[in-house]
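Generate coordinates for the entire structure from the input sequences, incorporating the hints supplied.
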Amino acid sequence: MNVLVDNFALFRQGFFGTLSLTGASAVLALLLGVLIAAFRVSPVPPLRAFGTLWVTLLRNTPLTLLFLVATFIVPEVLTTGLSSYQLAVLALGFYTSAFVCEAVRSGVNTVPLGQAEAARSIGMTFTQILRLIILPQAARTVIAPVGSLMIALTKNSAIAGAFSVTELFSTQKLLSDQGLNLTVIFIWIALAYLIITFAISGLFRLLENRLAVAR
Amino acid sequence: MTEVSVTKDAAPATDDLVVLGGVNKHFGALHVLQDIDLTITRGEVVVVIGPSGSGKSTLCRTINRLETIDSGSITVDGKPLPQEGRELARLRADVGMVFQSFNLFAHKTVLQNVMLGQVKVRKTDKKAAEDRSRQLLDRVGVGVQADKYPAQLSGGQQQRVAIARALAMDPKVMLFDEPTSALDPEMINEVLEVMQQLARDGMTMIVVTHEMGFARSAANRVVFMADGRIVEEATPEQFFSNPRSDRAKDFLSKILHH
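Chains as they are written, first to last, in the working numbering: chain A, 51 to 265; chain B, 14 to 271.
Just so you know, these hints were derived from the structure itself, not from any lab.
Some clues are possibly wrong.
[Said to hold, decoys possible] Short derived list, chain A residues pointing at chain B, Cβ under 8 Å: (1) Q165; (2) A168; (3) Q178; (4) E258.
Idealized CB from N, CA, C, for every residue including glycine.
See below:
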């Protein structure tokens, strides 16, 4: 108990670091993922090609490699002076967006073709059809896999700790270096991760139930 | 060649509403539409019949470009079908379509289904769209179901909602792609009655169907298709009592004896 109480400020910093890193990357990943999925199902060949390229490049590329690129190459090329936190959000968000895209695309494919045909036949445009007809119906199928992706994202965010971002993993490293009891540190860190992941799965279960009722 | 003749057709602003000229389409090696020439005038009800696989559904779907064509031309109200995009969307809003499998938007209520096109495509104000939608739902006899979801309705009710949804766009022409083929027998008549009424009201209609009774009573003209070609065009009386082609005689002998 002492380990937690004595270093509560550090733990709290790490917890909120992970929380904000996960939250920001999740928002980026969801927005990008849906956008790229829209590209991949669009009737415009260059957009489709871009979407395919995006997914091919980012999906399951070692995340550490993406962090290396974000930390060492992006600042060289773009010299925009982004903080290590912002770079981490970009790396995590881009990486996860490729998975979100594929989950959304598979959801789109579960909506019967007739729905889109009916929408086309009353004169709706591609973006209207996607936004008003296809995505709302795809959402139900997409919720569960996206929930898993968000939990994976939470745990993946630990890599940012190795790239000078304050979050749970870097907190653990800091405390371990002080020579405190490793097992105890790990238990508290794991508990902190569990709080976040349980919250996410609870949120997605809620969404699933609500969408199941709405039809 | 075909383009020239079509522009000539369109120029005098005749009553020709839908004109197909030399339309060809392939599905891989299958030549589903072969040199189709067909003109539908305003207010006309044309019933397309023929054995399955004859290309009649495909023909119906080319008119609002749900199927693209390989060659030939299609004009609706004097304007050739544009490429995919906003202009095509505008044209589709003027061409109502009713599908075999209803295709009502599953996540929207019946009322929302009928309102959606008016509000999002025609930019009608919500209140006016709702009034018009309720009026149309009453007209097709499903007014009391307005707040239900499509899955809670019977097939016949769903198809009537689909007709109301198409009518809500004030289309110039209505396409019916086998509207009763997915229905239980006892529900076919309720849909056909709505279509009969529509025909009496002067709507231009192209109906692909197996309902010979409807063809007899409501059609101005019967178009018989087989193997991707229009084999015979005639008035219903002529076609059913005295078909000229062997294909039509054969087809009629198969369906009328049961």
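Quick check: which numbered hints come out false for this structure? Violated: hint 4 alone.
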